[in-house]
Structures are given as structure tokens and as C-alpha cells.
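J.: Throw the hints in and build the complete structure from the sequences for me.
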Amino acid sequence: MSEKIAPREAFGKTLVELGEKNPDIVVLDADLAPSTKVSYFKERFPERFVAVGIAEQNMIGIAAGLSTLGFIPFATTFACFASRRVCDQVMISVAYPRLNVKIVGAYVGLFVGKNGATHQSLEDIAIMRSLANMVVIEPVDGLETKEVVRFASEYDGPVYLRIGRDPMPSIVPPDYRFQLGKGLVLKEGSDVTLISSGIMIEDTLKAASLIEKRGIQARVINMSSLKPVDEGLIVKAAEETGKIVTVENHNIIGGLGSAVAEVISEKFPVKLKRIGVRDVFGKSGTNEEMKKKFGLRSEDIAEEVVSFLES
Amino acid sequence: MNKGITEKEKLEEIANRLRVKVVKMIGKSGFGHAGGSMSIAEILTVLYFYEMRIDPENPDWEDRDRFVLSKGHAAPVFYAVLSERGFIPEDILSSIHQVDSSLQCHPDMRLCPGVEISTGALGQGLSVAVGMALGARLKGKTFRVYALLGDGESQEGQVWEAAMSASKYKLDNLVAMIDYNKLELSGRISEVMPLEPLYDKWTSFGWHVIQINGHSFTQIMNALDEAKKVKEKPSLIIAHTVKGYGVSFMEDRVEWHAVSMSPQQVKDALKELRCSTEEIEVTLSEMKEG
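Keeping their order, the protein sequence lines are chains B and D. Once you know that position 198 of the first sequence is 198 in the numbering used here, the rest is easy, because the numbers rise by one and skip nothing. Once you know that position 271 of the second sequence is 271 in the numbering used here, the rest is easy, because the numbers rise by one and skip nothing.
Hints in this document: simulated from the structure, not taken from any laboratory. Treat the hints loosely; a few may be bogus.
Derived coverage of chain D by chain B (criterion: at least 3 residues anywhere in the stretch with Cβ under 8 Å from a Cβ of chain B; other residues may be distant) [said to hold, decoys possible]:
(1) 106-116
(2) 125-139
Label-pair ranges, simulated between beta-carbon atoms [unchecked claim]:
(3) B:3 to D:164: 53 to 61 Å
(4) D:232 to B:21: 32 to 40 Å
(5) B:22 to D:164: 23 to 31 Å
Each residue gets a CB set at the ideal place from its N, CA and C atoms; glycine is no exception.
T.: Right under this line is the structure:
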């Protein structure tokens with residue numbers, strides 16, 4: 001397996017690459033550049049880097065204003081601030097007027113260093129998914145992040161990117177091209193389908209291997225396009241494998257599990273198990289401690305899947 | 001301009017027409033933000049007929065000056081000035097607040113020509129204006145950006161975030177104006193949440209601050225001229241105004257923030273605004289039909 005790359009690292013470097021080609025790309029930062037890795041852009045293009053200080057609401061408004069002049073602003077901060085803190089600014093100044101602003105939440109879900117509940121984002125997908133005109137994407141690895149940032153820069157309209165903090169093994173194939181509204185089958189299987197995104201993909205794939213040893217063939221889907229989700233792929237999975245399990249680094253209310261439930265309950269009802277944070281707030285600690293506390297280790301996922309299939 | 005009519009008289013006539021249009025819109029639609037529309041009629045008149053480089057024939061002209069109505073609820077008078085200046089036809093004004101109208105209760109940039117940014121939830125427009133002013137500099141453009149804020153709106157924290165950033169970036173192509181009519185929805189500003197000392201606050205945030213009577217055309221024009229000469233700093237014009245200005249029974253009355261108007265009130269208001277008996281009768285009959 002090739003070297004692990006953190007999505008935020010790929011994000012920061014891709015912004016610079018795109019910035020070389022496109023003078024309209026500008027980056028806004030709310031005092032987290034070293035963490036979100038927009039520090040690379042700041043170094044390369046200081047004149048196109050807008051430091052607003054710790055003032056996320058103003059950042060969204062400035063990004064909106066810049067976009068009206070044809071700029072492609074990437075407004076960057078932690079996911080908790082990029083969603084909760086600026087929800088109304090994103091609705092009024094970006095989503096409602098359908099402006100070409102890219103909102104980037106780095107440090108996502110439970111995995112935010114040891115920053116704990118205040119800095120965890122267990123609501124960002126729910127918030128962003130419910131805003132009309134908004135597109136929501138969570139890439140899994142370095143290559144997909146690169147693809148997704150390229151897509152965001154080319155897509156004309158509001159985009160929310162959920163960018164992970166920690167290094168990930170490479171998951172998508174070398175020739176991968178991101179397409180909005182398309183999921184990717186990472187492993188074929190006919191007994192059950194596991195759908196996940198972002199950091200949880202790694203543990204979901206491991207869980208699929210664990211249950212394979214017990215004779216269960218699980219299909220695994222990377223659903224990086226969280227809005228719109230790939231309805232066709234979800235319905236196909238429901239038809240072909242029956243039960244579906246979602247695994248998400250988010251509250252099970254409003255996130256990937258909900259998105260999948262919305263599709264199958266309307267189009268092809270099958271039983272669904274949502275694995276994720278069960279409507280509680282997080283804690284501080286390492287990623288491993290988080291996964292253990294909230295039942296998100298590969299062995300926890302495997303156990304849940306097995307008992308779900310037996311139920 | 002007609003012979004014998006001075007510039008000031010022409011502006012006065014326009015501001016009066018804006019108020020007439022506001023009364024008709026609110027009368028016919030059965031709802032509207034009256035007080036905060038009336039208080040900015042002179043300011044909008046000066047911006048659209050004296051100050052701004054704009055072209056109604058070409059609303060997307062890239063070098064145009066930008067105007068942001070941060071106090072988006074003053075949409076009636078905004079639509080009135082956009083029609084007066086030729087951005088939208090006058091006959092759509094009576095469709096305000098209707099489901100399929102391009103004149104929504106708060107301005108929608110995707111529906112109404114001449115609206116640079118959708119606004120409505122207070123406190124957000126100045127940040128957008130900062131982005132426009134910053135972008136103008138990045139693109140090497142010389143256009144200017146104007147943002148009009150409510151006084152109550154200045155209670156929103158985001159306004160002060162924006163104030164800091166405009167000052168940091170030395171945006172001398174940005175002029176913010178505050179419609180200081182001293183009232184907000186639920187009462188007197190001084191009682192609900194005092195803003196004073198407003199001049200000192202903005203000065204300490206690094207802005208060039210000018211205080212004027214917001215109903216004096218000369219003072220508004222002079223303030224805008226002065227702002228053009230200021231270098232390396234954004235300018236703020238504190239425009240002291242009277243909420244509901246121009247219609248005696250609306251003036252300085254908190255209950256005229258967002259209202260419906262009875263036929264009698266419409267009649268009285270239009271009379272004060274020097275409308276002919278015939279014009280008043282037409283309006284009243286249209287109200288009945290509506």
C-alpha cells in the first residue's frame with residue numbers, strides 16, 4: 001500500500017496547483033491556516049489570501065461578495081465552525097443567492113485531534129444537506145480529495161467540502177474521476193451493502209474483511225457525494241443485497257444514514273442499520289479512543305453487521 | 001433636466017415619488033416595511049441619481065458601482081428607486097410580496113435586476129460589500145461599493161467583524177451608511193440596545209466617520225464627495241433620519257415598522273405626498289380590486 005496522505009494535506013496542495021492555473025481562485029481563512037493547510041496557498045499567493053481572523057460569519061460574507069465579481073472563493077475553517085457557526089450566513093449570503101462559494105470544513109466529525117466535543121462536527125452534514133442549492137461532498141483519501149477540490153473549482157455554485165484531518169491509505173483507483181451524485185463500489189458482495197464516506201471507509205472495509213471470514217459477502221460503497229447521493233447505486237444495492245448498513249462519522253440523525261434512508265424508503269424499502277454517533281455529543285481523546293467509545297472500530301462495525309443480518 | 005428646475009428640486013421630486021410608490025405598494029399588497037423605507041428615500045435618491053456610476057440598460061456592466069441594501073426589509077423603497085432609475089418596469093411594483101413576483105419581501109438578486117446581493121437577515125450586507133470592495137482592488141477595478149445599514153442592524157456582531165476587516169484592508173473604495181432613525185421593531189434603540197457613542201465606535205474601528213442629516217440632499221452629496229477624497233480608510237456616513245419621514249402620522253412611530261394600511265391611511269398619506277385627487281382615487285380603487 002502506498003504512503004498514507006491526509007485529505008487536508010491533499011486539499012492544501014491541490015489549492016496551490018489550481019491557483020497556479022486559475023487567477024480567480026482566492027482563499028479565505030479564519031485563523032486556522034496551519035491546520036487546514038491553506039498555509040500553502042498563503043505562502044504561494046499572499047495577495048489572493050484573505051485572513052479574516054476569528055470571524056467566520058464575516059468570512060462567509062466576504063466570500064459571497066468576492067464571488068459576485070467572478071472570483072472562486074474557498075472559505076476555510078474547522079467543520080464545526082463552517083456549519084454551525086455560520087449556518088445563517090451560508091443560507092442567506094451563499095445558498096439562497098446560489099453564489100459560487102466553496103465552504104471547506106476541515107477536521108470533521110469525531111476526529112479533530114484531541115479537541116473534543118466543542119470542536120467536533122457531528123451536525124455539519126445535516127445542516128448543509130438541508131440547505132437548498134448546496135452540494136455536500138466528503139472525499140476519502142488524498143486522490144479523491146484532489147479530484148473533489150478540482151470539481152469544486154469547476155462547478156458553478158455553492159459547495160460544502162468535508163475534509164479529514166488524518167492520513168488515509170489510498171482507497172480510490174489511480175484513474176479515479178469524481179462525479180457529483182456518483183458513489184463508488186470498493187468491494188463487490190451480495191449478502192449486505194455497507195455504505196460509508198470519509199475516514200470511516202477504512203474501518204468499513206476492514207469490517208467487510210472480518211465478516212467475510214464468517215462467510216458474509218459485503219458490498220462496500222464509498223458515498224463521497226453526500227448531496228446529491230447516488231440514488232441509482234443505493235437502489236441497486238437494496239435490490240441486489242437486501243439489507244443496508246451505513247457507517248458515518250456524524251450523528252446518525254441527518255447524515256449519510258438519513259440520506260440513504262430517504263432513498264430506500266421512497267424507492268425500494270429494505271432494512272437499514274445506521275452506525276454512527278447515536279445522538280450524543282463527543283469527547284476529547286485520540287481517534288482510537290473515539291472509535292472505541294462510539295463503537296466505530298472495525299470489529300464493532302463487524303459485530304453490528306452480523307447481528308443486524310441475524311435479526 | 002427641465003429648465004428652471006434646480007438639481008435639488010429634481011432630487012426632491014424623485015424622493016417624493018419614491019415615497020408615493022412605497023405607500024401604493026404597501027396599500028395594494030396589504031403589507032410592507034413602511035418606516036424604514038421612508039427614512040432612506042433621500043439617501044437612495046442621491047445614490048441612484050447623483051452618486052453611482054450605473055447603467056440600467058446594462059445592469060451587469062462590470063465596472064458599475066455596487067450598492068448593497070443590508071437592511072433588506074426596506075425593499076419597497078429599493079424597488080421604487082430601481083423602477084425610477086429604469087432597472088425594473090414601474091408596472092411590476094404592485095406585484096410586491098406575491099409568490100411569483102420578482103419583488104420578494106426581501107430583495108432577491110436572482111429575480112430582480114439591479115439587486116447586487118440578496119439580503120434580509122440583518123447584519124450580513126457589510127461583509128458582502130467588503131468582499132466586493134476587496135475584489136475590486138484585486139481585479140484592479142476603480143468602481144466604488146456602497147452599503148446601507150439599519151441602525152438596529154448595527155447590533156449584530158457580524159457588522160463589527162466586517163468593520164474590522166474593511167479597516168484592516170484599508171478599503172477606501174467602500175462607503176457604509178447607517179440609517180440612524182433611532183427606532184427598531186420593538187422600541188427605541190436607546191432603550192432596546194443603545195448604540196451610542198456610535199461616532200466614536202466607528203472611529204475607533206479605523207473608519208472615517210461623517211455625521212449628517214439624512215434628509216438633506218446637500219449634506220448627503222457633500223458626505224459622499226468627502227468620502228471619495230479619503231484615502232486608505234473606509235468611510236462611514238451616519239445619517240440621522242426620522243423613521244416614516246414624509247408622512248406625518250408615520251414619523252418617529254415604532255408601530256409603523258411593518259404594516260398594512262387602510263384605504264383611509266393610504267388616502268391621507270398620498271395627500272400629504274402631494275398626489276392628485278385622481279391619482280389617489282385610482283390607487284384606492286386598485287386596492288379594492290386587489
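J.: Work down the list of hints and note, for each, if the structure agrees.
T.: Each hint tested on the structure:
1. 106-116: holds (count 4)
2. 125-139: Satisfied; 14 residues make the cut.
3. B:3 to D:164: 53 to 61 Å: violated (42 Å)
4. D:232 to B:21: 32 to 40 Å: Because 33 Å falls inside the window, the suggested range holds.
5. B:22 to D:164: 23 to 31 Å: holds (29 Å)
Checked against the numbered hints given earlier, the structure breaks only hint 3 and satisfies all the rest.
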